[in-house]
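**Q** Below, each chain spelled out in residue letters.
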Amino acid sequence: MDDQLPILQVVVPLLGALLAALFRRGPLAWLIAVAASWASLAIAGRLLFLVLHDGPISYAIGGWAPEIGIEYRVDLVAALFLLLVTSISAVIVAIAPRSVANEIPRGRIAWFYVMYLMCLTGLLGIAITGDAFNAFVFLEVSSLSSYALIAFGKDRRALLSAYQYLIMGTIGATFYVIGVGLIYSQTGTLNLGLISERIADVESTRSILVALAFIVVGISLKLALFPLHLWLPNAYAYAPSIATIFLAATATKVAVYLLVRYLYSVFGADFVFGELPVTSILIALSIAAMFGASTIAIFQSNIKRMLAYSSVGQIGYITLGLALATNTGLTGGLVHTFNHALIKGAAFAAIAAIVYRTGKVRLEDLAGIGRQMPLTMAAFVVAGFGLIGVPGTVGFVSKWYLVSASVEQGWWWLGFLIVGSSLLALLYVGRVVEVAFFRPPQGSVAAARDGPPEMVIGAWLLAAAVVYFGLVPDLTAGLASDAATILLGQGL
Amino acid sequence: MNWQDLIEHYNQWITIFLMVGGLYIVIARGNMIKKLVGLGIFQTSVYLLYLSAGKILGGSPPILEEGIEVYSNPLPHVLILTAIVVGVATFALGLALVVRINESYGTIEEAEIFSQDDPH
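Note that the protein sequences, when read in sequence, are chains P and L.
Quick note, the first sequence lines up with residues 1 to 492 if you use the working numbering.
Quick note, the second sequence lines up with residues 1001 to 1120 if you use the working numbering.
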């Protein structure tokens, strides 16, 4: 059984999607989604356990050797991302039914879960595959289903956002596949491990340099690196609440994984960061994201859009960590990937409960919501503290690593910029707190009470994780540090 | 690089022309269907990029047979079959979205849609 776990990780949600599509009944589709999500979580947990005990797992699809066939490869980095995606998905799917029933017409509910499971399949596939072209296929599986998920939104602007995301996402994926083609023409293999062995001989050729550029830009479109983030705010703002939580907490994170894989494992940190000016480019874009996107977030009137811009800013911290290319920096980037998924999961879950009770997403309509829905808003505020980086939350852990990494390099100015940009998060989170707690409730908000229990519990589970991993960062930061050591090729 | 080299790589020139032309249509056109067509052309250029790399001059199709020593590489063909499926799915989904957009906005011109949602 353990032998087949890598393929089951992808097949279980895929089969779930197929079953849900066959039955076409909302509640049944939901049950299938729950079963598939939780089974995926169990598999991911077991895979991480096996990797920690016996080292990386290699699985040859159909028994074909990696040189010919597709290899699924689970090392510590992949196992961590698998666990991240499946655990977030397990929580989201559990809180989904009432919100989905509220926002999506009855006849389409089953299709929503089908798309949800397809998206999960794609994301897990990207994290587990060791094959460059297979990663493209899974990238498109997850992307196509997320366009559909977004288009489920009630507002007609959801359709427009889905269309714009489709255009940008397809350009990104095509850029990626152009890069893969160029690498294949130089190295004669699509296996990421074999590419990394062979690329050293050809790394200064123009093909490989062009391939690197295409792949980095293509994946950056997917992970919404500033200024390639234009698709993200509308997509998050108009997608159904549950889809927003899922995409915000997992989709961009898996794109981060793919970028890490290419920069560190395939091309190698020495080549990318040592010989090319990638560090300065990525740091400049990251700082632009941290300040630019966070500033735009302050002026948003739609609370989901505000959090979406905040996501673009937070992705800046992640890419900043990757750009530093030191053990501490990369640990910071990886741990923030994990932490930001928890933070945004909690924040958007709280918003989902609020939308369920009030139907409002404009900040001015939500005056006094904190008095009416104290438990829900408290989860949001905890997540907000995480965004700011208050000590005792995961946000502080991430920023601690990033600031330490900057100081290690002797870049004090960068440390100050990281701390300074947190003030912007204080402003946009503070704005919500002011409206939610210090203004009298009006209209439909005055009649609202705390969200449905399962949604509040879900939001609080994620919020509790934000605090727990903030107080006891040994587990997350320790594993991220081990992963960084592996990625930098420093042993382990 | 002399003229003969440039002409012998004509397939690469076609690839680049389709790539840049497709991307230009996506960016420059406001009609949503035309944008999708541009996207399709852009994706098609990649098929040619892969297939050019897999072709061996004088090589036969990759079928095992007596007396044939030089084969074209079959892997790019297989990859591109997959990529074509992905491209068709993307195009279909894109068109479906445009149909729904046309139903709810009554137009598929981006400028008109933006002015409907944001009447300033």
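Just so you know, these hints were derived from the structure itself, not from any lab.
You may find that some hints are simply not true.
[What the hints assert, rightly or not] Lysine to aspartate or glutamate pairs mimicking DMTMM-like chemistry, simulated, CA-CA at most 20 Å apart:
| hint | chain 1 | residue 1 | chain 2 | residue 2 |
| --- | --- | --- | --- | --- |
| 1 | P | LYS360 | L | ASP1117 |
| 2 | L | LYS1055 | L | GLU1065 |
| 3 | P | LYS154 | L | GLU1103 |
| 4 | P | LYS154 | L | GLU1065 |
**Q** Now tell me, hint by hint, if it's right for this structure.
**A** Outcome of the hint check:
{"no.": "1", "hint": "LYS360/P <-> ASP1117/L", "result": "18 Å, holds"}
{"no.": "2", "hint": "LYS1055/L <-> GLU1065/L", "result": "18 Å, holds"}
{"no.": "3", "hint": "LYS154/P <-> GLU1103/L", "result": "14 Å, holds"}
{"no.": "4", "hint": "LYS154/P <-> GLU1065/L", "result": "59 Å, violated"}
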